[in-house]
Every structure is written in C-alpha cells, then in structure tokens.
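Visitor: Spelled out from the first residue to the last, the chains are:
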Amino acid sequence: MSTLVLLTLTGLGLGALYFLVASGLSLIFGLADVLNFAHGLFLAVGAYGTWWTGRHLPYPAAVGCGVAAGAVLAVLVELTMIRPLYGRPMRQVLVTVGLAAAGIALLSAVWGTDPVPVAKPRWAAGTTHLLGATVPNDRFLLIGAALAVLAALLLFLRRSRYGLVVRAGVEDRSMVTALGIDVRIAFTLVFAIGGAAAALAGGLAATYFGSITPGLGGTMLLFAFIVVVIGGMGSVIGSALAAALVGLVQQFANYYAAAGVGEASAVLLLAVVLLVRPGGLAGRPA
Amino acid sequence: MKELLVVEDLDVRIGGSHILQGVSFAVPASGVTALLGRNGAGKTTTLRAVLGLVPRTGSVRFAGTELTGLRTHRIVRQRIGYAPEDRGVFAGLTVAANLRLAERDRRPLYDLVYELFPELRTRAAQRAGTLSGGQQQMLALARALLNDNRMLLVDEPTKGLAPRVVTEVAAVLQRAAATVPTLLVEQNLAVVRRLTDRVVVLDQGRVVHTGSLPSSPDRLRTLLGVGA
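For the record, the sequence lines run as chains V and Y.
Mapped onto the working numbering, the consecutive letters of the first sequence carry residue numbers 260 to 545.
Mapped onto the working numbering, the consecutive letters of the second sequence carry residue numbers 2 to 229.
FYI, nobody ran anything at the bench for these hints, they're computed from the structure.
Take the hints with a grain of salt, since some may be wrong.
[What the hints assert, rightly or not] So the derived list for chain V, only partly shown, Cβ under 7 Å to chain Y, looks like this:
| hint | residue |
| --- | --- |
| 1 | LEU423 |
| 2 | ALA427 |
| 3 | LEU438 |
| 4 | ASP441 |
We put the CB at the ideal spot given by N, CA and C, even for glycine.
One chain only, chain V, in its complex shape (with noise of 0.2 Å):
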C-alpha cells in the first residue's frame, strides 16, 4: 500500500512537471500554429533564474524571478523570432531548434555543462507520513503548484476577454481577425503564459531533481510533446489528464517492470492514444 501511494504520488508529481511545459507548449500550438522546440529554453532560463536568485532570495520569490525571467524570455522570442515567421512552418522549426542549441550553449558557456546542485528549501527536503508511506514533501509542492496553474488557465481561458480569443483563436484565428480581433496580441500572451508556466516547471524542476544542467530543458520537452499530442492539441484539460497518465505510468513501469521502461511505456501510450483517438484524450480545445 505504502509503495502504491508513494509511487502514485511521485507518477503525479512527475505529470505536474509535464503539465507545466506542455499546458503552454499545447496553446502555442493550438493558437498559433508553432511547433515551438525553444519551450525547453524557457524551462532552463527558470530552472536557472530560480538556483542563481535563490542564492540571494527567499525561495518564492527565487521562483518567482525564474518565472519572470522565462516569462520575458518568451516574449521576446515571440516578437523578435517568431512574429516575422507565422505561416511559415519549417522557418519556425528551423529557428526554434537553433534557439535551442543557441541557449544550452549560452547556458554552458556561463555555468558549465556540469550539473549544478540546488538546495532545497528546508519544507520541501522533509516528508510527511501518509496512509503509510513516506512522501517526500516536494511531490506535493510540484501537483500543488500544477493545479493552481491549472486553475489560473482555467480561470484565464474561460472568463476573461482575451482568454475567450484564445479559445476562438484555437478553432479558427483567421475568423478572430475577421471579427476585428488583433490575433497577434493573443499570440504573444500564450507565449508569455507557456513561457512563465515552463520557467516554473524549471524552478521546480531544480527542487525536485536537486540540480540542473542546460539540457534539463530538451528532457522535459520531449515528454511534454508526448503529453500535448496524448492530450489534444490545445487543450489545457487535456494536457492535464495526459500529464497525469504519463507520469504515473512511468513511474509504475519503471519500478514494477525495469528502469527505463517508463520511458518506453509513455512512447507506448501516445501510439496507443493515437489509434483509438487521434484527436487526443480531449478532442477538443480548452
């Protein structure tokens, strides 16, 4: 029992981190058309922002600043890269996967390849017994984090004016124009939200795996585009969903069948998404 919740709770957590990149991968896609391979750039700026301020800062506002750093970072991208290349597909995955490579090497050149260890904070290195097992605490600090992000999406998406553009943008941007709608706006919105949300995941990320190298990001990523398509292409719930099932099912695979089966078991599940249902566990977006 006490290894079922344990690795239930640590499969979640895991999915949290998942959640994180790929809630903002999947509206950048759904949105804007963008395969974007420099979501994993925003992941280590954060995971960077937050060890580099947290040497300095309490850890919230470490995070925090990791936060906004990814956040500003994906602004930029998005004006200064991508804005010039919308509608031009290969151009977009040309540039992002040399923005990539471009940022790891910034990030190596500066800190070096070598994992760099972060401290935890003392809250999230303790444990907390529950239905007999011993949790470690930042698996609650990750799925926490992941649903209030998921709620402010859910919040954001739903109720505000510009998250109904999002969602009309989704289905059909070229009718959002039509209407007198500046789309362009909404684009760079979704790549602040994916921007700050993925910085978070990094932040956490260095909490959870007590250090971080410049090509933490690109692990993640390759995860989260497995989520994003499990899910459905722009939806938030969907990506939810698929986060969970992905990271349980690594985690299970990887401790009741052999290490690195995990790994495989989630390849396996998007095969399996795909020919039973194409369009995602959510079918649809938002």
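We have chain V; now place chain Y onto it with these hints.
Guide: This is chain Y only, laid out in the frame that chain V set:
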C-alpha cells in the same frame, strides 16, 4: 450614386492559381450589391481579398481609405461586418460567447440581434457546434449585425438551408440592407432578385458584367452557368 467601396485591379494568386485577375467594381453607399458567378469564379476570394484574408495586389478603397496596407482586424474596425461562406462560428464556444467575441462597439446592438433572431437568446448557453445549419447562419449574421457597421460583406448566407430558413434569412438581409450597404455573394437567384437589381458578375476571376440583373434567362445562364 455615391460609392462606398471601390475595388480596382484586384489580383489574387494562391499557390499556382491566378484566382482574381484585375477585378474592378464599385459598391454604392446604399442597398445590396450582389456578387454573382459560377462556382470557382472568385466571389468568395473577392470578399476575402477586400478584408485582407488572402494576399492581394491592386486597390481597395473604403469610404476614401485605402485598405490594402491595413491588416484584417484594422480593416474590419473601419466598421465592416463579415459573415463568411462557411459561417465561421466557433463550434466549441457557446452562442453567447460567439456574440461576445464579435462585440466591437461600446454599445453592441443586442436588442436588434435578439429581435431578428429571438432563438439566439434562448440558445445563449448552447455550444455553437450543436446548432443546426440555419441557426449557425443566424449566429453568423447576428455577429455581423451586432455592431453599428458601415458595410456588410455576406457570403452565401442561404447555402445549404431549408427553403423556410432561406426566406427568413432573406428577410433579415432585406431589413439590414435598409440601413447598411451590403455586398452579397449569393447563388440563389430568387433571393438576389428579392434583394437587389444591382449585380457584379465574375467569371474565371474577371468581371464580365456590372449593372442590372439581366432579364433574359439565356443571358443569365450564360453568365452564371446555372439554371435561372
């Protein structure tokens, strides 16, 4: 009659196809002007080109303002309402959300919209994707009529609708056109005859007739390639 929209030498190329080839016509500042032509003549593309939804060259002047340098949302904010051929409703959003999205004016004309389409009020919470074709068309027209526009662009509003709904839609267009000049793409000649005598006929991306609707059925068949 004063001209509100003046299109000159409009050219559109999409992929390898030359869809519009030097299209020129004018729309007066009152009533309905019907844009006719057989399938593939370029009628829908003309409306989309006016709005900047497709890349185009040439000149499109609206109330003296050149539109070709403007982005689509700025063109629409010149107070042009648009109801597209495929209705363009957002299937995942409710009827109310579809209307809210279309609000541009400080005081949207909900009273008018609900007077014309009372069903939309009762179906406000229903997802637009679950509406019938006729109801979706009403929603598309309602969005175009929600703001105090100076012109309406309406693309095939009766396409695929039951005869009873066609009559309702035609009545709404007739009422709207009494106050807002309308450029209408329509295949249903009975509807066209009810609304206007002023037509622009396209064939293979060129204007082949401007003026009154030809009275001779043979001439109409020749122009439109359809039964008159």
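Visitor: If a hint holds in the structure, say so; if it does not, say that too.
Guide: Outcome of the hint check:
Among the interface hints, the one on V:LEU423 holds; its C-beta lies about 6 Å from the nearest C-beta in chain Y, closer than the 7 Å criterion. A hinted interface residue such as V:ALA427 counts as satisfied when its beta carbon comes closer than 7 Å to some beta carbon of chain Y; here the least separation is about 5 Å, so the hint holds. At a threshold of 7 Å, the smallest CB-CB gap from V:LEU438 to chain Y is about 5 Å, leaving the interface hint in force. For V:ASP441, the shortest C-beta to C-beta distance to chain Y is roughly 5 Å, which falls under 7 Å, so the interface hint holds.
Consistency with the previously given hints is maintained throughout, with no hint failing.
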